[in-house]
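Number of protein chains: 2
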Amino acid sequence: MSGLRARILRAVEADLQAIEAALVANLTPHLDLVREVAGYILFNGGKRMRPLLLVLSARLCGYRGTYDVVFSSALEYLHAATLLHDDLVDGAATRRRKPAAHRIWGNAIAVLVGDFLLARALSITAATGNPKIVAVLARLTEEMSQGEVHQLQRKGDPALTEEEYFEVIRRKTAVLFETACRVSALLAEAPAAAEEALCAYGLGLGYAFQIADDLLDYTADSARIGKDVGSDLREGKMTLPLIRGLALAGGEDRARMIAMIREPGFTEADFAWLRGRLEESGALAYARRAAETRIAAAKRHLALFPDSPARRTLEDLADYALERTL
Amino acid sequence: MSGLRARILRAVEADLQAIEAALVANLTPHLDLVREVAGYILFNGGKRMRPLLLVLSARLCGYRGTYDVVFSSALEYLHAATLLHDDLVDGAATRRRKPAAHRIWGNAIAVLVGDFLLARALSITAATGNPKIVAVLARLTEEMSQGEVHQLQRKGDPALTEEEYFEVIRRKTAVLFETACRVSALLAEAPAAAEEALCAYGLGLGYAFQIADDLLDYTADSARIGKDVGSDLREGKMTLPLIRGLALAGGEDRARMIAMIREPGFTEADFAWLRGRLEESGALAYARRAAETRIAAAKRHLALFPDSPARRTLEDLADYALERTL
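If you read the protein sequences in the order shown, they are chains A and B. According to this note's numbering, the first sequence is numbered sequentially starting from 1. According to this note's numbering, the second sequence is numbered sequentially starting from 1.
Please keep in mind that the hints were generated in silico from the structure rather than gathered at the bench. Possibly wrong hints are sitting among the right ones.
Computed footprint of chain B on chain A, listed as stretches where at least three residues anywhere in the stretch have a Cβ under 8 Å from a Cβ of chain B [to be verified]:
{"id": "1", "region": "28 to 38"}
{"id": "2", "region": "103 to 111"}
{"id": "3", "region": "132 to 139"}
As a list, the in silico DMTMM-like pairs of lysine to aspartate or glutamate whose alpha-carbon atoms are at most 20 Å apart [to be verified]:
{"id": "4", "chain 1": "B", "residue 1": "Lys132", "chain 2": "B", "residue 2": "Glu196"}
{"id": "5", "chain 1": "A", "residue 1": "Lys155", "chain 2": "B", "residue 2": "Asp32"}
{"id": "6", "chain 1": "A", "residue 1": "Lys47", "chain 2": "A", "residue 2": "Asp253"}
{"id": "7", "chain 1": "B", "residue 1": "Lys155", "chain 2": "A", "residue 2": "Glu13"}
{"id": "8", "chain 1": "A", "residue 1": "Lys299", "chain 2": "A", "residue 2": "Glu279"}
{"id": "9", "chain 1": "B", "residue 1": "Lys155", "chain 2": "A", "residue 2": "Asp319"}
{"id": "10", "chain 1": "A", "residue 1": "Lys155", "chain 2": "B", "residue 2": "Glu36"}
{"id": "11", "chain 1": "A", "residue 1": "Lys47", "chain 2": "A", "residue 2": "Glu13"}
{"id": "12", "chain 1": "A", "residue 1": "Lys132", "chain 2": "A", "residue 2": "Glu196"}
{"id": "13", "chain 1": "B", "residue 1": "Lys299", "chain 2": "B", "residue 2": "Glu315"}
{"id": "14", "chain 1": "B", "residue 1": "Lys155", "chain 2": "B", "residue 2": "Asp213"}
{"id": "15", "chain 1": "B", "residue 1": "Lys47", "chain 2": "B", "residue 2": "Glu196"}
Don't be surprised by glycine CBs; every beta carbon is placed ideally from N, CA and C.
Work out the full structure, taking the sequences as your base and the hints as a guide.
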């Protein structure tokens, strides 16, 4: 474990315990099978980034109630619902070193338990009686489902532009991070400037987090990321390293890359060649810089708030998002 | 068209127009594909039972605002979302004489557009700023997803009891009808007694509507119901006519029925035999009586309200649910 990660974990130890307890307490399924499948996806070594963002940014805004932990369950349930549905949509085989839920219980159960988790997220939100926050969460769900449709539509299309890539990851990842920050500002009834600064931080962190994830698929070994390296490419996902690599590649290399995008049956040697080309052409460095730029901007937005343990941990979380890209 | 159906359609002509216009106006998807798939399931000759229930029962409570039509979109989107997901879950081939959406666009799109419709339903609800109604809708979604899981778990299980059957159809159908009535009572800020009477009416109507649907699978011809007769049995769905038929059947007949439940490759002759047995043993009449009892009780609950055109149309809708079983 890196020193940074260890410092973050020390700082949020009590928060993580409260978040885990709330995740168990708020689930309340009627059927054992629902509990089993929801538990499989929820209690699977997730980093709880979204709940932590919510709890820490609420603290940054001076919030002293208890709804932050409650809402953090709602966000994590929503996140788990999208994992269940997206793994099915992507045809993913594994998640965090274990078979994807739809491979164990089938598509039908993955769909329905995802629906249940989504509904739980909204029930929890509704129970707090804050229509603004309900509206934010419902709007988020719309964005996320459409981000996934967009990605699916352009699956395996080498013509996907960087602009489209950023639009897809905004909807499918960054908006959820932004929402975690917005909910805490709404809970704390923070001034508009604080809300906007926190949202900008969350959005930038979300972008960087997804870029890092997409980089890992080309740079890490399989054991580290808990799924097969190259699985994004096998699923036809056009991510930033590849988009940039295509743009930088000359005729023959470009043709070979396009063939790999279109034919998911490529060999390990093909993939090793592609990694080499992305490294040498500077495509990986380009993606790293895209993440760095966003993290630097995200941290600048935190400067609006006075120094505090919560602010320092939010800064650490931003650095941690970057550390994953190395 | 029956005289009853014609009379209902005359009475609700203006309401149906307002409902259709709201369904178009409130959808607001970002992507053309989402509009296309959502439109395919939404504008497909549906009877708009749930929106009509909401609009008519709001009128019964003296509501004079415009949110009833807005919420009626939310309920219909939610219903459409469950149709998309449930057809996938059930492996259904057709709906209303056309291929099921997942057969045209694939499972992934059916899942994601269902998620979008669910999110739209909740966004619309949230936008009206009434947390009670949001809570009712979110709770409904939880119930429905768990009803489907329950049904799926007991698929093809000849031991499913009547009690379980009623619990499944309560969650998957009746609660949505009940919710349509509850939302209108909440909108109109109706007294508790009126809310409870309307909810009891909606719940009873919902039960009867589902029992009628389940009967049609054994009694109608394929052209009338827009899907293959016997498809419930082929999907392993244990419905009331079959549950009762099994209970009434002697040794050999019972064994043959169980074999058909377990082996969806049964022939048309097998199915004709089964229909005959259910008719002769009184199983179909038993299911019809179960629907009749609930409709009679539902109509009695309306007696709390003074006579009015809206009340008469709600009574007609109840009779219409029964007429479908004949």
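Consistency of the hints with the structure:
Beta-carbon proximity to chain B at under 8 Å applies to 5 residues in the region 28 to 38 of chain A; the threshold of 3 is reached and the given coverage holds. By the rule of at least three residues with a Cβ nearer than 8 Å to a Cβ of chain B, the coverage given for the region 103 to 111 of chain A holds, with 4 such residues. Only residues whose beta carbon comes within less than 8 Å of a beta carbon in chain B count, and the region 132 to 139 of chain A has 5; three or more means the coverage holds. A hinted pair counts as satisfied when its Cα atoms are at most 20 Å apart, and Lys132/B with Glu196/B qualifies at roughly 15 Å.
In summary, the hint linking Lys155/A to Asp32/B is supported, as the alpha carbons are separated by about 16 Å, within the 20 Å threshold. Proposed proximity of Lys47/A and Asp253/A is contradicted: the alpha carbons are some 38 Å apart, above 20 Å. Annotation: proposed proximity of Lys155/B to Glu13/A is violated, straight-line Cα distance about 44 Å (limit 20 Å). Proximity of Lys299/A to Glu279/A is assessed by CA-CA distance (about 28 Å); at most 20 Å being required, the pair is judged violated.
Between Lys155/B and Asp319/A the alpha-carbon distance is near 50 Å, which puts this suggested pair outside the 20 Å criterion. About 19 Å separates the Cα atoms of Lys155/A and Glu36/B, which keeps this hinted pair within 20 Å; it holds. For the suggested pair Lys47/A and Glu13/A, the alpha carbons sit about 12 Å apart, so the restraint of at most 20 Å is met. For the proposed pair Lys132/A and Glu196/A, the alpha carbon gap of about 15 Å is at most 20 Å, so the pair holds.
Taken as a hint, the Lys299/B and Glu315/B pair is honoured in the structure, with Cα atoms around 6 Å apart against an allowance of 20 Å. Distance hint between Lys155/B and Asp213/B is fulfilled; the C-alpha atoms sit about 17 Å from each other, no more than 20 Å. The straight-line distance between the Cα atoms of Lys47/B and Glu196/B is roughly 25 Å, outside the 20 Å bound, and the hint therefore fails.
Hints 6, 7, 8, 9 and 15 from the list above are not met by this structure, while the remaining hints are.
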